[in-house]
Amino acid sequence: MAPAVQLKGIHKIYPGVIANDRVDWTLEWGQIHALLGENGAGKSTLMNVLYGMTRPDAGEIHVDGRQVEIPAPSAAIKLGIGMVHQHFQLVGPLTVAQNILLGCEPRLGPFFHTRKANQRVADLADRVGLPVDPTARVEQLPVGMQQRVEILKVLQRDARILIFDEPTAVLTPQEIDELGAVMKRLAQEGRALVFITHKMREVMAIATDVTVMRAGRVIGSTTPSATSAGELAAMVVGRPLAPVAEVPARLGGEVVLEIRDLHAANDRGLEALEGVSIDVRQGEIVGIIGVEGNGQSELVEVITGLRKASSGQLRLLGEGIAGATVRQRREKGVGHVAEDRLRHAVVTAYSIADNLVLDRYYLPPYSRNAMLDDRAITRNGATSLERYRIKAPDARTPVSSLSGGNQQKVVVARELDPNHRLLVVSQPTRGVDAGAAEFIHDQIRQLCDAGAAVLLVTNELDELMVLADRIGVMFHGKIAGWRVRGSCSREELGRMMIAGAGSGPLPGGAA
Amino acid sequence: MSRLRTLLNSAGAVALALALGAIVLALSGYDVGDALGALAQGAVGSVNANAETLLQTTPLILAALAVAVGLRGGLFNIGVEGQITIGGLFAAVVGYQFSDQPLGSAWRLFHAPAVPGIVQMVLILAAGVVGGMLWGGLSGLLKARFGAHEVITTIMLNYVAIGLVSYLVRVPLHGPGPIPQTPFISKAAHLPILIPDTRLHAGLLVALAVAVGVWFFLWKTPWGFAVRTVGLNPDAAQYAGIGMKRLVFGTMALSGALAGLAGAVQIAGVDFGLVQTGFSSGYGYDAIAISLLGLNHPLGIVLAAWLFAALRSGAGEMQVAAGVSSQIISVLQALVILMVSAEAGLRYYVDQRRKKAQTVANRASLEQAATVPASPPAPHQSSVAEPTAEGPR
Ligand SMILES: Nc1ncnc2c1ncn2[C@@H]1O[C@H](COP(=O)(O)OP(=O)(O)OP(=O)(O)O)[C@@H](O)[C@H]1O
Ligand SMILES: [Mg+2]
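As given, the protein sequences belong to chains A and B, one line each in that order.
Note that the first sequence ends on residue 526 in this note's numbering; no numbers are left out.
Note that the second sequence ends on residue 498 in this note's numbering; no numbers are left out.
A portion of the hints provided could be inaccurate.
[As the list claims (entries may be wrong)] Between beta-carbon pairs, the in silico distance windows are:
1. B:Gly252 / A:Ser415: 46 to 56 Å
2. A:Pro121 / B:Lys325: 56 to 66 Å
3. B:Ser431 / A:Ser415: 42 to 52 Å
4. B:Val317 / A:Pro380: 23 to 33 Å
5. B:Ala127 / A:Gly118: 40 to 50 Å
6. B:Ala124 / A:Pro86: 26 to 36 Å
Since the hints were derived computationally from the structure, they do not count as laboratory data.
Glycine is no exception: its CB is placed at the ideal position from the N, C-alpha and C atoms.
Just need the whole structure built from these sequences, with the hints factored in.
Rendered as structure tokens:
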């Protein structure tokens, strides 16, 4: 049988970068083919070429043995290629069925035939084993469920080749397990799947084949059974990753952030925080985890000043800050890595250098005598560019042309500032490669050792287990329980996230 | 996408509009050559024609800068017309206090000592700035405090401004003589004439200086950085600690101040007193088109304002010499606006074509390279094109 996809000599040049350098790559039917590589290696570019979103400068695409031209996504869809985008392309106020059938709705005269549509979606969901409620409104679904709608949308168009670009970045551990099961089933039915990720654990658990890219080129292929997670990571990064040193959990010094009985509403006016109390001390990393929608996002927003608390106390170094503006908090030394970087943390039209001073542009040395000092801003940008290995021609490159992981590095470079006393860090390594994640973790630890207090909110158990000194599990707007690092397992935390049960003693936490 | 190409595209859009305008003229039964000749004659055909065009350019530059500052900050100020009117009102009222002529029934606010003309000019212009700032700032305040959309409030305030002025010049500010208008400002306060025997006054220099100032403000000061950040991504601005309410208010006040200055320049340079109606004659609306045509950039605005002024001042000649209805001019202006908006679509199409051509070219060069024993290319290679950060600077 002819391979599902054969790419021959795909070449793509962006100003200053060769994104794909004569890439040859084959995808067979029934594979779950993991595409690995550092940030900016060219994975998304290659898949965008296959999906018709980017025109290559040279190269051939063969689908099912025939050479084809894919000038636009519509052509890709006709060839049975589907893409599950990292940023979902769903219409929030519409129902699941309406979203899935958008563009090929069953009609009753001029109207949407709701009953027939719901039936059709239910049948489809049944057939592929992805249960959904066709009548639910998409905006009210958790992220994992929304992703399922995206997958169904692709399958509805009879896609036999499915591309998943970093699908797990926004998911919780449980949702990742579910997605893995779904992907395996789709592959068993004979489809071909591409899976981009930075997590070796996921590759080992889900993929059947692996291709590693670096600097636009394919540098090797293997299978998970023929290698190990460590070996793979080393292949991606180009050097062996240092094993994480086992540091005993730290106790921390004086209290930097003190939260008492905090209450706040979410965007829909419903109570999202129902009495949260946390102490974060100097020199310690407090981790918070929970299933999406249990109040973690709101907690971060209240601490950083983006959301108002309805009641409760918030003190920074003993000083009440509940009424302070975002800028006042930042000037008191609060840094914030936002979970949704494109929405909150960067201005994509600005250069890397400008984004790196987004919160401090008005202070010297970046502004002097009521004037911006472009030279100082650019110099600062160049320093961070090098330090964080942001892959870009120079600091004046607009952030919009960076790969996803490199955008994240810009945000992290700005917020992990040695002058900050409190770091509120949400999903700090979302979308960055293993090497960069290691570097970011080191930075967080170093700042912490130097006296910063860190509140780490993440969906990633692995990150939490290596970084956090104490771990609080959020459930229904409260901290359901605390664990000390080293004295709990992934499974235990997973159970607490789902059930909220197991409220143990509160080591070091506020009563 | 290079800045130069954007500029060329805008020029192309204008040329296309003129060509379509010619067709409209022909279809309406006019002699196209005569009509366009008269248009050119009226716009740039003599020293006086040039002076008249530049005279009209002046308020258009200032008004379009007002629109641009708003748009850069994510605010759509449609109330420039009203802010010009209020600016003119403040300028006229302050200005006539210094007049040595009888004031009729108009209010005297203070007894002005005989101050030098230059001081009067500065005070008049400052009064206009304050008036526009208040009017624009009011919309800003309504948005910052109550979330009222600026498009609605600025349009409403246009009507309020025009109604208010119409009442004031008829009753409490009615100068001597039968015509409802304010008393004139004193001769000493007139802005100096730049070219003898024309009406072109120093307001043009003021407008050009302000254009440079706006450019400097937006791209070289921390406040300008904040304004642009809010305009590009309000969520990120808030996250970075920029005070949104203060900024919305400040941006609208600044935008209004620029519009108010346009009104004051008209008082001190052209009209010398405020008449009941038709004071601004639509500058505030043309300003929106000019700002868009000029890509919300001061340099583009200066060029686009000149173009609109040329169309305005050529219209008279076209009407007189070629007998063309002045409405055809409105059609021409509408065509320019239409073409500029269509240009975005066109640009997309051209980009697609260019990408295809590029692909073919790259493919050819690659095949050529393949015949030669290929040396492995460097992992990242700096190539010629320098990516532009965030639009024109
Ligand atoms: N639209 C663009 N304009 C300019 N350069 C681009 C553009 N898109 C991608 N690039 C560059 O091409 C290179 C490859 O980017 P790509 O998005 O394919 O990386 P990636 O492997 O998906 O990385 P990540 O893991 O961070 O998502 C990067 O150096 C990036 O800066
Ligand atoms: Mg990518």
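Here is how each hint holds up against the structure:
{"no.": "1", "hint": "B:Gly252 / A:Ser415: 46 to 56 Å", "result": "30 Å, violated"}
{"no.": "2", "hint": "A:Pro121 / B:Lys325: 56 to 66 Å", "result": "58 Å, holds"}
{"no.": "3", "hint": "B:Ser431 / A:Ser415: 42 to 52 Å", "result": "45 Å, holds"}
{"no.": "4", "hint": "B:Val317 / A:Pro380: 23 to 33 Å", "result": "25 Å, holds"}
{"no.": "5", "hint": "B:Ala127 / A:Gly118: 40 to 50 Å", "result": "43 Å, holds"}
{"no.": "6", "hint": "B:Ala124 / A:Pro86: 26 to 36 Å", "result": "32 Å, holds"}
Going down the numbered hints, you'll see the structure goes against just number 1.
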